[in-house]
Every structure is written in structure tokens, then in C-alpha cells.
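Chains as they are written, first to last, in this note's numbering: chain A, 1 to 269; chain B, 1 to 269; chain C, 1 to 277.
Rather than coming from a laboratory, the hints here were simulated on the basis of the structure. Treat the hints with care, since some could be wrong.
Residues of chain B clear of chain A, computed beta-carbon distances all greater than 12 Å [claimed, not checked]:
#1 23
#2 35
#3 42
#4 43
#5 44
#6 70
#7 92
#8 119
#9 128
#10 132
#11 134
#12 136
#13 158
#14 233
#15 245
#16 258
Using C-beta positions, here's what the derived DEER-type ranges look like [stated by the list, open to error]:
#17 B:181 x C:102: 46 to 52 Å
#18 C:263 x B:232: 42 to 48 Å
#19 C:176 x A:234: 41 to 47 Å
Glycine included, each C-beta is placed from N, C-alpha and C at the ideal position.
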Amino acid sequence: MIEVKSVSKVFRRNGVTLEALRDVTFEVGTGQFTSIIGPSGCGKTTLLKMMAGLIAPTSGAIEIEGEKVTGSGPDRALVFQHFVLLPWADVLTNAAFGLEARGVAKSKREQIARAQLEQVGLGGFEAHYPHELSGGMQQRVGIARALAVDPDTLLMDEPFGSLDAITRQVMQRDLLKLWQETAHKTTVFVTHSMDEAALLSDYVVIMDTRPGRVAQIIEVPFPRPRSETLTESSEYREFTARLSHQLEKMQRVDMERETTQEAEGSSDG
Amino acid sequence: MTVLDRGEAEATPREGWRSLLEPSRLVGAAAVLGGFAVWEFYGRSLETNIFFPTFGQMVVSLIDLLQTPDFWDAYRQTLVPFVYGWISAMAAGVLVGLAIGLSQTIRQLTAPYVAFLNALPVSVLVPVVVVALGIGMVARSTVVFLFAFFEVLLSTAAGVRYIGDDIREMARSFGMGPLRRFRRIVIPGAMPAIMAGLRIGTGRAVVGMVVMELLLVSVGVGRLVSRFRARFDSPALYALVFTLAVFGLVALAVMRRLEVRALRWRGED
Amino acid sequence: MVDTGTPHRDPERTLETTGFRPRPYVDIVTGWTRRYRMQALGIVLGVIAWEIAGRAGISPALPPFSAVAAAGIEVWSGERFLQAMRSTAVAIGIAFPPSVIIGVILGLLMGLLRPAEWILRPYINLALSMPLVAIIPIILLIFGLSQETIIVVIVLYVLPVVMVNTYSGVRSTSSDLLEMAASVNASRLLTIRRIVIPSARGLTLAGLRIGVGRAITGGIVAEQIVGVMGIGGLVQRLGGAFAVEELYAVIIFIGAVGVISLAAVNRIEEHYELPGA
Numbered sequence: 001m002i003e004v005k006s007v008s009k010v011f012r013r014n015g016v017t018l019e020a021l022r023d024v025t026f027e028v029g030t031g032q033f034t035s036i037i038g039p040s041g042c043g044k045t046t047l048l049k050m051m052a053g054l055i056a057p058t059s060g061a062i063e064i065e066g067e068k069v070t071g072s073g074p075d076r077a078l079v080f081q082h083f084v085l086l087p088w089a090d091v092l093t094n095a096a097f098g099l100e101a102r103g104v105a106k107s108k109r110e111q112i113a114r115a116q117l118e119q120v121g122l123g124g125f126e127a128h129y130p131h132e133l134s135g136g137m138q139q140r141v142g143i144a145r146a147l148a149v150d151p152d153t154l155l156m157d158e159p160f161g162s163l164d165a166i167t168r169q170v171m172q173r174d175l176l177k178l179w180q181e182t183a184h185k186t187t188v189f190v191t192h193s194m195d196e197a198a199l200l201s202d203y204v205v206i207m208d209t210r211p212g213r214v215a216q217i218i219e220v221p222f223p224r225p226r227s228e229t230l231t232e233s234s235e236y237r238e239f240t241a242r243l244s245h246q247l248e249k250m251q252r253v254d255m256e257r258e259t260t261q262e263a264e265g266s267s268d269g
Numbered sequence: 001m002t003v004l005d006r007g008e009a010e011a012t013p014r015e016g017w018r019s020l021l022e023p024s025r026l027v028g029a030a031a032v033l034g035g036f037a038v039w040e041f042y043g044r045s046l047e048t049n050i051f052f053p054t055f056g057q058m059v060v061s062l063i064d065l066l067q068t069p070d071f072w073d074a075y076r077q078t079l080v081p082f083v084y085g086w087i088s089a090m091a092a093g094v095l096v097g098l099a100i101g102l103s104q105t106i107r108q109l110t111a112p113y114v115a116f117l118n119a120l121p122v123s124v125l126v127p128v129v130v131v132a133l134g135i136g137m138v139a140r141s142t143v144v145f146l147f148a149f150f151e152v153l154l155s156t157a158a159g160v161r162y163i164g165d166d167i168r169e170m171a172r173s174f175g176m177g178p179l180r181r182f183r184r185i186v187i188p189g190a191m192p193a194i195m196a197g198l199r200i201g202t203g204r205a206v207v208g209m210v211v212m213e214l215l216l217v218s219v220g221v222g223r224l225v226s227r228f229r230a231r232f233d234s235p236a237l238y239a240l241v242f243t244l245a246v247f248g249l250v251a252l253a254v255m256r257r258l259e260v261r262a263l264r265w266r267g268e269d
Numbered sequence: 001m002v003d004t005g006t007p008h009r010d011p012e013r014t015l016e017t018t019g020f021r022p023r024p025y026v027d028i029v030t031g032w033t034r035r036y037r038m039q040a041l042g043i044v045l046g047v048i049a050w051e052i053a054g055r056a057g058i059s060p061a062l063p064p065f066s067a068v069a070a071a072g073i074e075v076w077s078g079e080r081f082l083q084a085m086r087s088t089a090v091a092i093g094i095a096f097p098p099s100v101i102i103g104v105i106l107g108l109l110m111g112l113l114r115p116a117e118w119i120l121r122p123y124i125n126l127a128l129s130m131p132l133v134a135i136i137p138i139i140l141l142i143f144g145l146s147q148e149t150i151i152v153v154i155v156l157y158v159l160p161v162v163m164v165n166t167y168s169g170v171r172s173t174s175s176d177l178l179e180m181a182a183s184v185n186a187s188r189l190l191t192i193r194r195i196v197i198p199s200a201r202g203l204t205l206a207g208l209r210i211g212v213g214r215a216i217t218g219g220i221v222a223e224q225i226v227g228v229m230g231i232g233g234l235v236q237r238l239g240g241a242f243a244v245e246e247l248y249a250v251i252i253f254i255g256a257v258g259v260i261s262l263a264a265v266n267r268i269e270e271h272y273e274l275p276g277a
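Produce the entire structure from the sequences given, and follow the hints as far as they go.
Shown next, in the form of C-alpha cells:
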């Protein structure tokens, strides 16, 4: 169980103050898939990095299973938007990287990595190099790398944001299948696509921007296990349309606020 | 066809030995031969060849020179300080470059000195070296060292710096210790820049060698230069300069080869 | 929020069993004030170390900083120094502009006409790959111990660099833009004027920046080899006379000029919002 308790984050750079997050509070239940969604600038990536232990909150705290997060830990693994693979290492080495970081012996970690690569559908590609793979395949390596260390919590930062529409769809469906059929890891998934969030998650945390704060927490009403045909159902479409509108409204309000501020000559961080 | 006339000539590059027959290469070779011809005719048209020999005269002198033991002795004497200075510059440059690239404190403390030495023509340090160390082997090696050192240092430091924060962050998120990070991320990531730095540094070392020969005239090639100049033996002087140019070109070609080789293998454990 | 039941915290898996070393936060506080403070500290520490080492008499070649500073004030206002500076400046002033003009023209030529590129390429590669210093004895032989030698050397140092950068600038013109021009049937001249030359501006300026550095380097090293004129000649004479304090003062001056001119050219490049090559 991940508890975000009144987390705020203020960035100070070169004399400019930026309030990225204000008083964010919510919970992620164990074994649940929770998406964080919101317009640009709402601090969702910052929040995820705080859960990962890479950034410290200015105030408030994040607790996992009752223990305060003070740094990175073996219980969490990240999947990055831009994959962040080692370009000079092959797929197998990349997938085994998280294990190598923890000092697991070579044969053992390669064995585990191989199994994970198989599971994400990259069996047979172990000797390839990242630049030889498509975006979707590179991200699969990233996912295999995260799963290989067997974390309690999976933290995914817009993992399909760099992919084209069709690949994204394929990846979403494969992730849904993978998540439902294996250990049901607690997952926090940052995205800006309502469709994606509705398909994959149990809960959606909608955030507003400037400053980043929780606007709404919605339970996704579709029963598990879900299949990819869900996206064709009318309830799904209604649900996502309703929430997309909400997101759009928030983004427009934010844009208007920017322009009126410019017109009035004031600036707000 | 577009203005810059691209595409056609590059459409089907030739493979292997046939690449030597590509029009660009052929015309280039012809241009060089043409240059030799112009040189020859211009030389012949002069009243005296004291300052400017014909191409033919230079070639004859070159062949002569290559058969004189004096010539090879001179080069032997010149190459010893070159090798000392060159090797130590590469080693020291990489080590110090790594230190500067990795530690922000060191980088900021040394920044003014690096900027100064980067903007300074290194040759003005030669009189200082002479005052401090004389004109013996140590002094001569030091001159070569100074010419090469800064290039290697700058390239290495830059290479470490621009590995990419996201790769570093990814490694941190998986809990990789600093020593392992150094081995698996810093070194492979900085390798292209380091190899480029070594190549450029080699070129600079050769320049340093020539400067050393021309300013610290005692033994070696520099002595031959003085001798030929004093005698107004222009064919011999030109021939000697020709050998220096060839030496520089060969050294660079070798380093370029090594650079390509090293980068192909890098990253394997 | 409802807990789905199965806990995933494996009690067997602790720090010891996973071998994971938790990395604490690394909050990087980098204001620009820290950077400048550290650099200033670096300078101060260096000066102090220099002073101490100089006083300790480690080597006759290392006078204390204070002695250098004192000598500096004398030297920098001395007639000999000003004359040397003038001589070098004149040589660069005469050699640089024509080198740039011819370099840019030839670079454009190479970029626009394939045959020109094929013919000139090997010469430029040669000039940039060989130790150009080696050519100085030859120039010296032809032009003697005169300022012409210095000027010719500077031209040889600057010309290839400006040429190759201008050439690169031309070739870097976006093919999208060229296709667009062809699609609206723009004349060759118009395309060159409106698209190619502006596109080449960035790299050409970079070539100029590098050229300035090489003009100074080439000019000074030529003067050192010739030995009688300019800053290079001054530096050689001071070295020969073992006048270390003055020598260091002159070197500091040269370095400062280098740093300032580099910064100035960078500022110009930035002003045109052009990325440095």
C-alpha cells in the first residue's frame, strides 16, 4: 500500500520559484493498478519520481507499507518514457541491468532476464542492440528490465508516450494481459491518455495543474479480468469521453489563465 | 534537381576496392597530381630554386634523404621524447578528465584554469619549459605533453559530462553502486568522446613534437632543419617537411583506425 | 481505496538477501552563485599556492605570484611590450580579413559545385590533418625574417578552417527547404540567396570563431620561430634572458586576450541565436 500524505514540492532555480505540487494526498492499494493523469505541468512525473525515491518532497511524505520513502529501494522499479536503455549493450545485458546493479551473478541474472524477455515477447532478440529495435520493442526491454528485479511496485512514467498510435495500442493490450495473468503487481502508471488509463487501471487519479494537485479520484467501473474488446463497448466509450472532456476543460482553463496573466503583465511562477 | 545536387552521386556508393574508383576520389587524386605538375612547372619557371625547388628536385632529395643514416638518426632522437610526452599526455589527460567530469567540485574549482589554458596558444609555454627544465629529454617530452594534454582532458571531461542524466538516473533508480556505475555507464558512455580526444590529442602531440624541434634546436629533426636552412638546401628542406607531414598523417590514420575498432567492441562485459 | 488482498511484500526479502543498497536522495542545489563562487575560490587557491610555492624557491622558474604581478604592471605598460603587441595585431589584422573572405568564397564554391569540392577537398584535408607548424621553416626560407612570413603563416592557418566550415554549412542546408524551393520553381540564384546562404551562416560563424583562435596561435608560433618580432618574439627573448617574471606576465596577458576574444565571438554567435558548431 502506497500512501501519499500531503505531499508538496517547490522547485527553486536561479531565484525562480515553481510550485510543482501542492498538498497531494491519495492511496494506492496493494495489488492495484492506479493511473495518474492530468494536463502538462501537473507534476505527475515529479510525483512518480518521489515514489521512486529519486526526489524528496518539500513537505509531506510518501509511505510504502507504513515506511517512509527516503531513497530508491529494491521494492520498486521504474519504466521510463524514453526507454533509457544502454545503447552500447545488447538486449540481454540491458534486461539484466537491474539485477546486475544488485550484484546478482552473471549466469543467474541472464537466466532471469531471458525468462522476462520471453514473457514480454522478445524471445530470440537477446543479442540485438537497442538501435536495431523499434520503439515498442525497446520499451519491452525496459519493462523486462523492471520486472526482472521482481519489485513489489511497478512505477511507469508515460511508458507508451514515445510510441506511435498503433504500437501504443498493441503495448497497452499486451501490458493488460501481462499484468492480469501474472502477479498483479501494485502499479502506478503516469499517462496523459484517458483511453489508456481507463483500459488498464482500477483507479484513476486526475490531477489539475499549476500548481499540481489532486482534482478527482475515480474508480474504473469495469470488472476484471478485462479483455481488449472492452474498448469497443459503449460504457467504455462513454466513460472515457466524459473524463476526456474534464481533462480538456482543465487544460483550457489553464491556457486561458496563462494568456490573461500575460495580458495583465503578471507572472505566476 | 535540387540546388545542391545531392543524391545522385551518393545513390550507389561502391564497395571495397572499387570505392577508390569513385568520381570524387578520382578527381581528388587527379587534383593532387595536377598540383604536383603545377609545382614542377612553376619551379622550372623560376630563375633560381634556392627558395622554391621543383617537385622533381624535392623527390630526388627525398630519396636521397631516406638513404642517409643521419636522417634516421635524427628521427630516432626526435621520436623518443615524442613517445614519452604523447603516452603520458594520453594517460594523464584521461585520468584528470575523468576526475573533472565526475566531480562537480573539481570541475568548478579548475574551470578558470581550464578555460585559460584552452584559450592560450600552448607554444608560448615553451620558453617557460626551457627556463625550468633546459633542453634535455625531460624538457622536450614536456613540450609534447603540454600540447596533447589539454585536448585529451577536455574531450574526456566533456564525454563524462554528457552521458545523459537520464541514464544516470535510471541506474540510480535500480540501486547501482558508484563503482559499478563507473564501470558500466561512465566508461562506455564516455568512450566515443575519449577516443576522439585521443585521436585529436595525437595530432596535437605531433604538432608539439615539431614545435619542440623548431624551438629547442639541439638534436634530431630540428637540427637537420637548421642545417638545410643555413645551406639554403631547399629541396632537402622541403623533403624533410614532407616527411614530417607524412608522419603526422600516418599517426592520425592509425588513431582513427583504433577509434573505429574500439567503438565497435565497447560495452561488452 | 480497496485492497485487492494478496500482499506482495515478501518478508523474506530484506536488504541482506537482495544485496540492494538503497541510494538516498541526491538533492542537487545548483544556483549559478555556487558555480561562480567555486570558480573564484579556485582562482584564489591557485594564486595562494603559487605565492607559497614561489616563495619556497622550488625552482628559479617559479617566482612568487606577487613578483609576477609587479613585473606585469611594468611590462604591460612598457614600450617594448606595446610594440610587440602592435606588431602581432598588425600581422593578424592584415592576414585575417582576406583569409576569411577568400575562405568563405571558396567554401561556398565547394559546397555548391561538386567538381570544386572534389578538387579542393584533398588539399583541405591535408592542411587540417598535417602538423601545419612544419610548413613554417619553408615559409621562413622563402620570405625571410620578415612580417610577410608571419602573415603568410596566418593565412595558411585560417584559410582551410574557414573553407571547411563554410562548406559544411552549405551542405547542411535542409533538404526539405531545397525541395520546397524546387517545388515552387525558384531559380538557382534565389535558392542560394534565400536558403543556402542563411542556412550556412551558423557553421560559417563557427569557422570564423575557430579561425580567430588559429590566427592568434599561428601568428604567435610563427613569431616564436622567426624570433625577432611580435609577441612571439618577445616571449622567446624573455625566455632567453631568463626574465621569468616578465615572461609569466606576458603569458597571462596572452591567455587573457584569448579568453576574452573567445567569449566575444561566442557572444556574437549567441546574439545571432546560432548554435556553435
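Now the hints, each set against the structure:
Non-interface call for residue 23 (chain B) relative to chain A: holds, since the shortest CB-CB distance, roughly 31 Å, exceeds 12 Å. At the 12 Å boundary, the C-beta of residue 35 (chain B) stays outside the reach of chain A, the nearest C-beta of that chain being 41 Å off. With a closest Cβ-Cβ approach of about 51 Å to chain A, residue 42 (chain B) is found to remain outside the 12 Å limit, as its non-interface label requires. For residue 43 (chain B), the condition that its CB be more than 12 Å from all CB atoms of chain A holds, with the nearest at approximately 53 Å.
With a cut of 12 Å on Cβ distances, residue 44 (chain B) stays outside the contact zone with chain A, its closest approach being about 56 Å. Every Cβ of chain A is farther than 12 Å from the Cβ of residue 70 (chain B); the closest lies at roughly 49 Å, confirming the non-interface assignment. Under the 12 Å C-beta cut-off, the non-interface status given to residue 92 (chain B) relative to chain A holds; the minimum distance is some 25 Å. Interface exclusion of residue 119 (chain B) from chain A stands, the closest Cβ pair being 27 Å apart, more than 12 Å.
Once the 12 Å rule is applied to beta carbons, residue 128 (chain B) is consistent with being away from chain A; the minimum gap is 40 Å. The Cβ of residue 132 (chain B) lies farther than 12 Å from every Cβ of chain A, with a closest approach of about 43 Å, so its non-interface assignment holds. Consistency note on residue 134 (chain B): stated as away from chain A, and its beta-carbon is indeed over 12 Å from all of that chain's, at 46 Å minimum. The non-interface label for residue 136 (chain B) is consistent with chain A: the shortest C-beta to C-beta separation is roughly 44 Å, beyond 12 Å.
In this structure residue 158 (chain B) is separated from chain A by more than 12 Å, as the shortest Cβ-Cβ distance comes to about 18 Å. Every Cβ of chain A is farther than 12 Å from the Cβ of residue 233 (chain B); the closest lies at roughly 53 Å, confirming the non-interface assignment. At the 12 Å boundary, the C-beta of residue 245 (chain B) stays outside the reach of chain A, the nearest C-beta of that chain being 36 Å off. The beta carbon of residue 258 (chain B) sits about 17 Å from the closest Cβ of chain A, which is more than 12 Å, so the claim that it is off the interface holds.
In this structure the hint that residue 181 (chain B) and residue 102 (chain C) lie 46 to 52 Å apart at CB holds, the actual value being about 50 Å. Hint check: residue 263 (chain C) to residue 232 (chain B), Cβ distance near 45 Å, so the stated range 42 to 48 Å holds. Here the CB-CB span from residue 176 (chain C) to residue 234 (chain A) is close to 44 Å, well matched to the stated 41 to 47 Å.
Of the hints listed earlier, there is not a single one the structure fails to meet.
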